[in-house]
Amino acid sequence: MSARGRAIAAVALRSGASAAWRSGLGLRPRAERRRAVARALRLACEALGPTFIKLGQLASVRPDLVTPEMVFELERLQDRVPAVPVDAIRDVIRRELGAAPEHLFASFDPEPIATASIAQVHEATLAAPYRSVNGRLLGAGARVAVKVVRPGVARLIADDLAVARRWAERAERMRWLARWGPNALLREFESSLARELDLRVEGRVGDRFAFDFADDPLVMVPAVVWTHTTRSVLTSEFVDGWLLSELGEAERAGIDARALATHGAEVFMRQVLVFGRYHADLHPANLIVTRDGRIGYIDFGIAGRTTPPQREAIAQVLVATAYGDADRALRASRALGLEVPEAVEPALRRGVARLMRAHLARSPADVRGFVTGFLGLLAEHRIAIPEGYGMLVKALVTVEGVARAIDPDIDLIEASKPFTTRLVAEQLLRPERLRERLPAALRAALAELMA
Amino acid sequence: MRDVLRFLAAWALVHESADEGWRAAVTRGAGLSPGDLERGPDDFVDGLAALVDAEKERLKHELAADGAGVAPTEGASDRRDADLTAALEAVRFDLAELRGRIESLQTSVDALHAERDD
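Sequence order for the protein chains is A and B. Sequence positions in the first sequence follow our numbering and run 626 to 1076. Sequence positions in the second sequence follow our numbering and run 408 to 525.
Treat the hints as calculated values from the structure; they're not laboratory data. Treat the hints loosely; a few may be bogus.
[As the list claims (entries may be wrong)] Here are some chain A residues pointing at chain B (derived, C-beta under 7 Å): (1) Ser627; (2) Ser643; (3) Leu722; (4) Gly723; (5) Val758; (6) Arg825; (7) Phe836; (8) Asp837; (9) Phe838; (10) Thr854.
Positions of the beta carbon are idealized from the N, C-alpha and C atoms, including for glycine.
Isolated chain A (complex conformation) (with noise of 0.2 Å):
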């Protein structure tokens, strides 16, 4: 075994007796025998590094791979890491981009402004002028930030990987492991890596976001400079504004806070129900409120996808879940790929209802409760939850995170009603739609008639 390997797996073994210790050895009761070994794991991924974080922070979109405790444990994951000198990060632009950043850009701050695992940012200014992708003038001294990717990482990334990979081959031959699929999940997972490592992918998925939010003026998406991005660095619009931590003095300064957040969510809406393209990573950090009262979206590592069936299918599955109707809701995740054995539908529906009574029917609607009830029940019943299904749960819980730390009183559900019920008739008026349905529906009428 390398020498990584070794201590990987010594940092496994102590988290595992850790997980056990904490456990009382296997005897407390079920969920915090779940909430021990999800902790174990966010602390383990800590101490392991760059491959782990993002492994796990990937893992904590996935509530279709992992259990609910550990989604919302490891959403936790603290991706803080010393900042990699800035010769090194010199070193970097220069072999990526051709120049030292003296040379590149008329300013180039020395100083970090963020850190993290995979890359570290740094404030700059252009040297010349520069129309993006979306038609918008950054002039000669625009500011923007420099993402960089820190050195050494992918041999690092790669490193960990080939040993991960015989593990997953060893887990494979294991019976009571080999249902998980080790090697396919690490095949996603190594694919999601390499797309995160490609920063060029981000800027693509930004200038897309850009896109499609341009008729929206309360959406802010920093504009990429392509002639300063590659592979391993990341050049874009430097967004001005506050952290959804320091709200307080954005309300200060005149920011309609509660009209942001309703917003926000309605943007969310039209991400995953109209365009097919959603921010799959919207978490408070990357989200700036700017000194204009916009809603900056920054990072778009992780995104997600929907087609046009799923879109109609999960407009039904909102509107029905906005409207307490469990048996509606779960017909519509049925076209989502949520296959429900029929024994045990009817329990199933019972206790989403349930759940729909205790989160959903109260002011403000508790949309995480419902959602973390609603993936213990699927587990409970040992249905298997479809990636794009569990990832949307997962984005939709992410956004009333951030709505409430914009505005604590928003009901996100309410929030989104009028956006989803439009949305629900407009596809209900469709020419193809009404084709489809109106001999059924004229059949019924004439059966009722006739009665």
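Could you slot chain B onto chain A? The hints should help.
Chain B in isolation, oriented as in the chain A frame:
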């Protein structure tokens, strides 16, 4: 025979009631202000009825114009213009995105040249 007549009378009555209900909804909907649609399901249905009625009138004009060989109405032409503008914007974006990719690739090529020359 009487049953058939009764059925047709019931059908006519349903039709008449629905028609009256529809007209009332259109009238109420026409009186709504922007934003009222979100007040609740009733206002939403009324507003929708008014929108459908306006669209129906446009369709009537278009069909009449088509029959008489007249140029398309203002509404149809506006819609076509809007569709064309959206399509143009989408192509323009794709082109600009491509330009972005090329700029990024050119930077990488220049950087490799610079590294070789060092």
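Hint check results:
Hint status for Ser627/A relative to chain B: violated, with the closest Cβ pair at about 31 Å, above 7 Å. Here the hint on Ser643/A is broken, as its CB sits about 45 Å from the closest CB of chain B, past 7 Å. At a threshold of 7 Å, the smallest CB-CB gap from Leu722/A to chain B is about 6 Å, leaving the interface hint in force. A hinted interface residue such as Gly723/A counts as satisfied when its beta carbon comes closer than 7 Å to some beta carbon of chain B; here the least separation is about 3 Å, so the hint holds.
Here the hint on Val758/A is kept, as its CB sits about 4 Å from the closest CB of chain B, short of 7 Å. The beta carbon of Arg825/A is positioned within 7 Å of a beta carbon in chain B (closest approach about 6 Å), and the interface hint is therefore held. Hint status for Phe836/A: holds, given a least beta-carbon distance of 5 Å to chain B, under 7 Å. For Asp837/A, the interface hint is violated, the least distance from its beta-carbon to any beta-carbon of chain B being 10 Å, above 7 Å.
Interface restraint check: Phe838/A against chain B, minimum CB-CB distance 12 Å, threshold 7 Å, status violated. Taking 7 Å as the C-beta contact cut-off toward chain B, the hint placing Thr854/A at the interface holds, the least distance being around 5 Å.
The structure fails hints 1, 2, 8, 9 (numbered hints given earlier, in ascending order).
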